[in-house]
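Please build the complex by placing chains B and C on the supplied structure of chain A, with the hints as guidance.
Residue numbers (numbering that gives the first Met the number 0), protein chains in the order written: chain A, 0 to 296; chain B, 0 to 313; chain C, 0 to 323.
Fair warning: there could be bad hints in the mix.
Computed cross-link-like contacts, PhoX-like style, restricted to lysine-lysine with a CA-CA straight-line distance of at most 25 Å [as the list claims (entries may be wrong)]:
| # | chain 1 | residue 1 | chain 2 | residue 2 |
| --- | --- | --- | --- | --- |
| 1 | B | Lys123 | A | Lys3 |
| 2 | C | Lys55 | A | Lys57 |
| 3 | A | Lys3 | B | Lys210 |
| 4 | A | Lys293 | B | Lys123 |
| 5 | B | Lys71 | C | Lys54 |
| 6 | C | Lys158 | A | Lys57 |
| 7 | A | Lys293 | B | Lys210 |
| 8 | A | Lys196 | B | Lys17 |
Distance ranges between label pairs, derived from CB positions [unchecked claim]:
| # | chain 1 | residue 1 | chain 2 | residue 2 | range |
| --- | --- | --- | --- | --- | --- |
| 9 | A | Lys293 | B | Arg302 | 38 to 44 Å |
| 10 | B | His18 | A | Thr131 | 42 to 48 Å |
| 11 | A | Leu42 | C | Lys120 | 26 to 32 Å |
| 12 | A | Asn13 | B | Gln193 | 22 to 28 Å |
Since the hints were derived computationally from the structure, they do not count as laboratory data.
Backbone N, C-alpha and C fix where the C-beta goes; we use that ideal spot for every residue, glycine too.
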Amino acid sequence: MYSKRSRQRIIVNNMVSVIMFVLSMSSIVILAVIIGSIFSQGLSRVTWDFLTGFPSRKPDESGILPALVGSLIVVGGALLMALPIGLATAFYLQEFAHKRVFVETIQTLIYNLAGVPSIVYGIFGSAFFVATLKVIFENLHMTITTGRVLLAGILTMSILILPIIVVTTQEAIKTVPRNLKEASYALGASRVQTTGKITARFAFPNILTGLILSIARILGETAPLLLVGAAGFITFLPTNLFGSFTVLPVQIYSWIMRPQEAFQTTAAAGIIVLLLTQLLLSGIAIILRAVLQKRRY
Amino acid sequence: MKILPKKSNGSESSASQKHRLAVSRLETLVPILLIALATIVIMISIGLVLSLIFNTYRFFSLVSLLEFFTSKEWTPLFATPRYGVYPLVVGTILVVAGALTIAVPIGLVTAIFLSEYAPSWLAKTLKPILEILSGIPTIVYGFFAIRVITPFIQALIPETQFYNAASASIAMGFMIVPIVTSLSQDALTSVPEQLRTGGYALGLTKWEVTKGIVFPSARSGVSAAIILAVSRAIGETMIVAIAAGSQPSASWNPFESVMTLTGYIALVSQSDAPEGTTAYYALYAVGLLLFLITLTLNLIGRRFIRRKTGNVNV
Amino acid sequence: MKRSRLSQAALLGMGGLLAACGSLGSISDLEGTIVIDGSSTVYPIMEAVVEEFSKKFPNVDVSIGFSGTGGGFAQFVQGNTDLSNASRPIKTSEATLAQTNGINYHEFLLAYDGITVVVAKNNTWLTDITLAELRALWLPAGDNPATTDIVETNVPPTKWNQVRSTWPDATIQLYGPGTSSGTFDFFTEVITGKVGNSRTDYQPSEDDNVLVQGVAASQYALGYFGYAYYIENTDSLNEVGIKANDSAPAIYPTLETIADGTYTPLSRPLYTYLNTDKFANNEALREFMLFMIDHVKELTDEVGYVSLPETNYESYRSILEDLA
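Isolated chain A (complex conformation):
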């Protein structure tokens, strides 16, 4: 019934389908291998002592508490700084700005900033924030002699996530239906009232997307924080804005670079804590977004 040529083409087609399936599953396989190898090495090390302990020269006594606290403070602080500025910029660009050229130039600027490698933010952070803080400390005759402090880390992370927040908020604002806004204007509301009461409220769950992305991003950043002074051996809780600090990825990095096998196990345990923290914080934000999306109407 089928010519030889047709049969050949059908065989090729079926073979390709199988190959495609197999190659695509390789992404899952890769993920499983990576996560699996780390969990199998490190899971036994994730104990209560590990979570509440401090780093040590002895791998079996090393703990991750300062890094965990440092990471949470950096995330919280960076969001606190970046959210107001980012939201304001996004709302301004979408709802209030008039001049077309002006808006477009800022737009391009922000989109391009979003693609800049993290380490460049680190270089800027060290050139600007660290140097400026040092000068400020000197002029205020404080005892701190370096700008490589927690505040520099927070500031650097906040400019890192600024483009993300602006872009995702703009996208969120665009999803607000026009007729909703027009109805508001028709009822006599001003632009500010409409934006504040209608647009913002409607777009809020999608604005949370920016938050979720930012949290995961900041928690995973290593290089820029290394550049602004995150250390690998902190024996106290980094709660002082003007003191030394560390974060989870930097602590893990310092353990990875130690050759003793026990430190590698400790690093694996640290990675597990990092991934779980990311999961937990992102998970909370995702659930919050889902709840708010349902309640919108």
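Frame of chain A; chains B and C shown alone:
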């Protein structure tokens, strides 16, 4: 513009008067506040670029442009310092090219599979997995590189150094697969369905339709995906800092240690190079170079996407 | 009967409380900041001291870096650090800078170290090396004006059999400290004749742990760093014996050979430099220095360097009292 109705009978209550005044005051103040905050963003962006440029200028007042671009040695911290960026560029290209040889086949095939072949339940489960892959901190890939990939390579090829480019390449390849996949998938799914049905109507098999019709139509989107993935790979630091080594050897042998552009920045940051030294300013020169390369790639990539989808807002 | 049980329990409870008070009483709530930086060789000693110190003084922020002896001094002479660790004495240029900036300091000898040349555990063929071979291995390319026996336009060897003909025909992989390191300064001065005179095509790192990992992974690799890093990793590294010349016996670094000077020329003293003005004004720093004197001997021994006799450390106490 105020769209507040004027009371025609002049009997407006003082409460509503106050409210109207408050609203109009807000109406003028809020945009000013927003502009002020938006200006901060502009200032930061400009400040970022300026600080890079300013310190790079200081670097080039100490080292000639010619040496930077033509010298084949990078030894900023040694007795006779040399500042040729060539070894760093070789290292970067070596690692990134290796990463692409892994990421492009896997990424494209996965994208084609998800958009053309997979049933919707499979596509729905695969997508979150890819999102998880892209959210994993790069330090995890670096750890995986020296713990699993490097011993594996050393078992196959015993002369491999512990810190080598190949191991970092492979790990980086895994890292950028999600970027290639998701952007290529967007490009493929936006190909109009009529083109496919036309192909089937002509009696082509699914593979022939995909290979001959869908894929060529999505060419610019796929190119964009690859370009943006390259940009991401060039800017990646931790994988190379952990696994690739710190020897700026300008060798094209992937089983030896290399130093990439980002690797130099990470190395200098750890030893806290004293301010004012040429090695310190070299940091900014390399940083600016990195910034310009990734910026150019991003602009080209976005242009490709814009051409394909007509979406100016990218 | 019940009464005696009760009183027994009461006694136990009071005893427990007293014991708890006793241990709590030794934890201080002193606050302060201490900044330490410098040599990565000395780092393990300081790290141990800081860790034990923090258990007693948990509210003092102590940060230590390992930028290298040179990097540490660069910060120290600006007044940015309280203590600078060094695996070589301070240079005259650095001392002059300190003087210009009004920084007063005091040098403290902490321990002795023997720079250890290491190879991977599975390297069976490189067990000893002569000083001449070591020099040939590390001499940089080009002319070497500071050397006595002139090697015109030296080309550094790339294969092991170019150094000693009985060694394999395989590519040399070298690991060593970066140029900010006191170990680098000391090694180059002693082996190649001039500080900083080293070939540049090796894998540099200020982090000695990176060097350990690199060398341990290949039998064609060789590196050098402080003795403590070798002792920490004897399961993955072999030490190389140093021969003064072809006919001399190979001397391996041990605590004895370093202490009595037979492990030559790679034995050297380890120092820490204290900013005396900061010492006078910083109570946390004073407590730290006193704590260090009490514990540095046992911690140095634990880390693997050669500690000084106890009396030496005790003599520092009176020096510190004068400085306070």
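Hints and how they fare:
1. For the hint linking Lys123(B) to Lys3(A), the alpha-carbon distance of about 38 Å lies beyond 25 Å, and the restraint is violated.
2. The hinted pair formed by Lys55(C) and Lys57(A) meets the criterion: a straight-line CA distance of about 18 Å does not exceed 25 Å.
3. Distance hint between Lys3(A) and Lys210(B) is fulfilled; the C-alpha atoms sit about 21 Å from each other, no more than 25 Å.
4. Of the supplied pair hints, the one linking Lys293(A) and Lys123(B) holds, its CA atoms being roughly 21 Å apart against a limit of 25 Å.
5. A distance of roughly 51 Å separates the Cα atoms of Lys71(B) and Lys54(C); the hinted pair therefore is violated under the 25 Å criterion.
6. Among the hinted pairs, Lys158(C) with Lys57(A) is inconsistent with the structure: their alpha-carbon atoms are about 38 Å apart, more than 25 Å.
7. For the suggested pair Lys293(A) and Lys210(B), the alpha carbons sit about 42 Å apart, so the restraint of at most 25 Å is broken.
8. The straight-line distance between the Cα atoms of Lys196(A) and Lys17(B) is roughly 19 Å, inside the 25 Å bound, and the hint therefore holds.
9. Distance hint check: the CB atoms of Lys293(A) and Arg302(B) are about 39 Å apart, consistent with the given range 38 to 44 Å.
10. In this structure the hint that His18(B) and Thr131(A) lie 42 to 48 Å apart at CB holds, the actual value being about 44 Å.
11. Hint check: Leu42(A) to Lys120(C), Cβ distance near 29 Å, so the stated range 26 to 32 Å holds.
12. The hinted window of 22 to 28 Å between Asn13(A) and Gln193(B) holds, with their beta carbons roughly 25 Å apart.
Hints 1, 5, 6, 7, counting from the list given before, are not met by this structure.
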